[in-house]
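J.: Chains as they are written, first to last, in my numbering: chain G, 1 to 47; chain C, 1001 to 1261.
Hints were generated in silico from the structure; no laboratory data involved.
Every residue, glycine too, gets a C-beta built ideally from N, C-alpha and C.
Hints may be right or wrong, so weigh each one.
Stretch by stretch, here's where chain G covers chain C in the computed footprint (C-beta under 8 Å, at least three residues) [to be verified]: (1) 1058-1064; (2) 1069-1079; (3) 1121-1134; (4) 1232-1241.
Every beta carbon over 12 Å from chain G, so not counted as near; a handful from chain C, in silico [to be verified]: (5) Gly1165; (6) Leu1180; (7) Ile1182.
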Amino acid sequence: MTHLPFIAGSYAATLLAIAAFGLGARQRLRRATIRLAALDRRAAARR
Amino acid sequence: MDLSIAAASPPRRSLHRFANPGQFLRLAARLQPWLTWPGLLLTAVGLAWGLFYAPADWQQGDAVRIMYVHVPAAWLASAGYVGLAAASFAALVWRHPLADLAAAEISPVGAGVTALCLITGSLWGRPMWGAYWVWDARLTSMLLLFFLYLGHVALVRAFDDPVRGARSAAILALVGAIDLPIIKYSVTWWNTLHQPASITLTGAPTMSMSMLWPLFIAALGFTLGFGAIVLARTRSAVMERRLRGLMLAAAERSQPSASRG
Chain G
1 MTHLPFIAGS
11 YAATLLAIAA
21 FGLGARQRLR
31 RATIRLAALD
41 RRAAARR
Chain C
1001 MDLSIAAASP
1011 PRRSLHRFAN
1021 PGQFLRLAAR
1031 LQPWLTWPGL
1041 LLTAVGLAWG
1051 LFYAPADWQQ
1061 GDAVRIMYVH
1071 VPAAWLASAG
1081 YVGLAAASFA
1091 ALVWRHPLAD
1101 LAAAEISPVG
1111 AGVTALCLIT
1121 GSLWGRPMWG
1131 AYWVWDARLT
1141 SMLLLFFLYL
1151 GHVALVRAFD
1161 DPVRGARSAA
1171 ILALVGAIDL
1181 PIIKYSVTWW
1191 NTLHQPASIT
1201 LTGAPTMSMS
1211 MLWPLFIAAL
1221 GFTLGFGAIV
1231 LARTRSAVME
1241 RRLRGLMLAA
1251 AERSQPSASR
1261 G
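Let the sequences and hints guide you as you build the complete structure.
T.: Quick look at the structure:
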């Protein structure tokens, strides 16, 4: 029995999880930073 | 100098100095690259070393290479839950305002890591045991940990009042911590198909150093990566809470004029 598909499946699942969580966290942080900066700018302009 | 304010402020070394969102965001932004880049680098080195350069096992053959992703995921699943329980304790006992946010951000990542541990374990079990799954004490207690993480994720979002949701989830996280020693000692207390621990605090490791080094590096990389992801998510949650507050304040300011109109 070749073990290659099981090894490849394990590493693929790991890389997929790292990419999904890593990129998801990065995108969420980027979105929140941009929205907060825009809102802060608007609030500063009102003052 | 206003002595009354100075006396009322919390001690400088208290965890509550990080309760100030601005201070937390500044500190977290400085810490983020120190977790992210070493985490990515060590994970890449550990996995490449384990996959291409570490020796095959005399008994398991190349299937042992699954260990370099399975063991770090298993370690993080438990360590992440310790973090979740600690944050829940801080939220319940000291009402630390960031502890609830941190706990809510740890549990989805912890659930992901536990799922990864179960998937890679299953893919390792099939060529070694001839089955993807057995109701062994170690596997079953790990599956329970996965459900505890999912329960926490669900409870946080189950109430209209976020404070009630966070409190219920914190209680679940603390009660669920009983699963951690069960996971750790399941291979000792019961006769399991899962192998006993190869690395212990008291004895020498039962595996070759040529396998131990890539495993250690991958585990360190996974740990730093986990920290980086949770930190980024907690920073986002703090910013999103501030955004909601600002938008609510803006809506309240515009309400009287709207009702007059």
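J.: If a hint holds in the structure, say so; if it doesn't, say that too.
T.: Structure-based check of each hint:
1. 1058-1064: Holds, because 3 residues of the segment 1058-1064 of chain C bring their Cβ atoms closer than 8 Å to Cβ atoms of chain G.
2. 1069-1079: holds (count 3)
3. 1121-1134: holds (count 4)
4. 1232-1241: holds (count 6)
5. Gly1165: holds (20 Å)
6. Leu1180: It holds; C:Leu1180 is separated from chain G by about 22 Å at its closest Cβ, greater than 12 Å.
7. Ile1182: holds (25 Å)
When the structure is compared with the earlier hints, no violation turns up for any of them.
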